[in-house]
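K.L.:
Modelling step: build the complete structure from the supplied sequences, incorporating the hints.
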Amino acid sequence: MAPPSVPEYNPYELQTVEDANGRVSDPSPYFGNFQVDERDKKTPDEWIRRNPDLLRLTGRHPFNCEAPLEKLIEKGWITPTDLHYVRNHGAVPKLEWGKHRLHVGGLVSSPQTFTMSDLAALPSATFPILLVCAGNRRKEQNMTRQTIGFSWGPSGLSNSIWKGVLLRDLLLQCGAPDPLGIVEDGVVMPKWVIFQGAEDLPKGKYGTSIAYDVAMDPRCDLLVAYEQNGEPLAPDHGFPVRIVIPGHIGGRMVKWLARIIVSTEEDSSHYHFHDNRVLPPNVDAQIATAEGWWYKPEYIINELGINSVITSPTHDELIPITIDGGYKFRGYAYTGGGRAITRVEVSFNHGERWELAKLLPYPVEHIRRGKYWSWFWWELDVKDVRDLCGCTQVWVRAWEGQNTQPEKLTWNVMGMMNNCYFRLHVHVQKTATGISLRFQQPAPVVGDGWMIKPPEDHQAAAKPTIKKDETKELRVFSMSDVEKHSSEEDCWIVVNGNVYDCTKFLDDHPGGPESIVISAGTDCTEEFDAIHSSKAHDMLKDYLIGTIAKTPSAPIPASTKPVAPVEELIALNPRVYAPFKLIEKQKLSHDTRLFRFALPSPDHRLGLPPGKHMYISAQVNGKLVIRGYTPVSTDEEKGFFDLVVKIYLPDRHPSFPEGGVLTPWLDALPIGAEIKAKGPLGSIVYLGQGTFTLPKHKQPKAVQRISLIAGGTGITPCYQILRAVLSDQSTAAQNIRIWLLYACRTDRDILLLKEINELAEKWKGRVRVWYTLSGACPNGWMYGTGRVNKDMVAERCAPGGDGSLALVCGPDGMVSAVMECLGEAGYAEDSRFAF
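Here the sequence shown is numbered in our numbering, starting from 1 and rising by one per residue.
Just so you know, the hints here were simulated from the structure itself, not pulled from any lab data. On a predicted model such as this, the values are computed, not experimentally measured, just so you know. All the pointers check out, no bait thrown in.
Quick list of in silico lysine-lysine cross-link-like pairs, DSSO-like style, CA-CA up to 27 Å:
| # | residue 1 | residue 2 |
| --- | --- | --- |
| 1 | Lys504 | Lys541 |
| 2 | Lys328 | Lys71 |
| 3 | Lys623 | Lys205 |
P.N.:
Printed below as a string of structure tokens:
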């Protein structure tokens with residue numbers, strides 16, 4: 001094997017093509033000289049041309065692959081783009097150079113949105129970087145005990161030449177504070193840089209974050225890359241732009257990069273917390289979820305670890321035993337953080353003695369500020385193959401300074417960062433020409449290695465058990481069949497072509513039975529996907545009864561008009577989205593708006609009892625978005641309804657650096673435009689006379705004390721209940737006492753402050769209001785500080801017990817914590833509920 005050589009690339013100008021009229025086209029993604037693979041046809045990726053030699057690891061779709069190890073090495077130190085490993089979580093987004101935008105914002109003084117031409121015009125850097133999936137060699141772990149990850153062989157890595165803008169330079173251009181410079185007083189020093197991709201996945205956008213100090217360290221060479229090996233990026237590798245972080249795992253290198261946010265908080269996306277972690281070997285998937293291990297920062301993976309592999313001999317290679325024949329063992333090694341591999345050792349006798357291998361020269365021109373961002377290749381000559389006749393295993397280990405690889409594998413639930421000694425087994429085998437030595441890898445992607453898969457009951461231990469009747473045969477239904485099951489006593493729904501009988505689940509649904517019943521007898525795929533988490537999708541499995549016929553009968557056409565009798569003049573329809581026109585918009589504060597929408601006539605009521613909410617639906621950037629809202633107007637008011645909405649714009653809120661989805665769309669809505677809404681929804685209703693309908697209560701419940709606990713915008717349903725009870729003139733209602741505990745980040749985030757204080761002043765003897773701020777407090781603040789806790793609940797809420805009811809609305813994490821506090825304060829499960 002010759003010393004690795006790197007092709008010399010002159011500063012590369014993006015290639016453009018002129019059409020017949022002399023117009024210059026934008027760069028297109030790199031495809032190579034391939035045709036669309038048959039396996040990609042009829043998948044969302046059927047427009048992408050891929051090298052058919054790549055080994056697919058997750059079936060047809062999504063596309064995850066590695067190159068055959070021998071081909072990867074055969075192509076040399078620089079990996080061709082078409083053989084580069086691929087890790088995709090879903091369909092590849094079909095982006096265009098001319099239309100794609102990269103937004104840089106957050107804690108920068110000059111947020112900017114860049115076109116690809118803007119990026120290509122900036123000063124650039126070009127150098128080779130090794131990318132490695134944290135799951136490289138995972139199949140060895142899966143052969144020991146099944147992890148929750150699919151099986152990677154030893155080729156989950158690739159070394160290419162990347163070109164782009166250094167992230168540090170880009171952030172400085174946008175006014176990010178420089179940790180290496182002088183920071184002015186009052187400037188908040190960020191802690192994280194968040195990267196978010198453009199693809200839409202079942203669990204949200206793919207996002208992650210890296211420490212701000214790493215991002216801004218000029219020695220770390222983080223690259224906003226738009227070229228690979230002298231060509232625009234391939235679709236599978238992030239066209240038109242991605243982040244590349246040398247010396248780190250591939251999971252931090254977001255493809256199809258759309259947003260870079262500088263923040264004091266790390267990324268909060270599902271993929272940041274539920275991927276790329278090395279948990280202790282005693283923690284399986286169920287324990288990790290139940291005990292919150294995914295969120296413990298000490299188990300996150302960033303930098304690569306030391307690793308090495310024997311690439312020659314290949315799997316099942318035969319080496320004849322000849323009188324004077326020798327053999328050259330070869331392989332690769334790498335480590336993280338730009339550190340050098342200092343030596344590689346090979347043992348032929350189970351580690352009793354180690355032979356020092358030869359490290360091939362690393363290209364000096366690509367050592368950047370003392371950093372080694374690519375892999376190291378090694379070789380070891382065995383002069384006489386006959387010396388191996390007594391050898392049963394060949395081991396390899398690499399060293400980085402005084403640190404080396406562990407001898408034995410340590411299993412972890414994600415199968416990440418496997419870097420134990422790489423071992424070949426050696427077998428003596430008779431061939432037609434004589435005696436040969438056959439070398440066997442531990443766990444190749446194709447073929448059987450020497451590792452033996454464990455029994456099914458052992459390997460299943462990593463994954464949560466899903467109860468399923470394997471003997472039940474799924475029936476095929478038409479939509480007309482499904483439409484017959486549209487009541488609370490017989491409730492079927494269709495999601496993604498599957499039919500579910502949810503009747504038995506209605507009482508256990510966190511949102512109450514009504515939220516499901518309104519969709520009974522319909523295909524609610526789009527709405528279900530827009531609202532629910534992956535956990536909800538998993539829960540559906542227990543209620544699967546069949547599938548929809550491929551040629552379903554025509555569904556009953558939905559009316560866009562209210563279905564309530566005309567004489568009732570109710571605007572909302574619980575099963576159909578109805579249009580409502582925006583007639584007024586007021587700016588209440590820097591980020592809060594009041595929207596007034598017209599009802600069909602001046603005599604119409606909205607039809608939303610106190611405690612209920614409604615869904616608002618909109619197409620935002622081509623994607624259906626559905627959110628729940630509670631108006632601040634009463635249901636007695638006719639001809640209109642009012643929404644008070646906090647607008648989450650990009651770079652304004654540290655907890656939501658990328659901004660909201662629906663609220664900016666609402667903010668931009670012109671007078672006369674329409675929204676679509678349906679309802680009422682929810683299982684909590686104030687009936688009057690001091691009684692409520694509640695989940696888990698078949699009869700109305702009378703109460704004497706109400707604790708309302710709200711977080712942020714969760715105040716609106718609490719406000720509706722507060723106002724409804726106080727305005728009820730019945731004797732039973734007049735005897736009710738109400739405690740309102742309202743938590744916000746700052747005093748500027750308190751919604752309906754004036755209205756709440758007016759009610760508290762008017763009904764002094766019946767209402768107690770307490771605010772608490774988790775962020776900075778203004779001078780003279782007379783209320784609480786910090787998040788809601790058990791002491792605050794005990795002091796500022798009604799005591800639990802008979803006659804007490806607690807209603808909570810806010811972010812999921814807050815609701816969960818508050819429910820625990822209420823339990824400790826004496827509230828039974830059937831007296832504490834979330835809206």
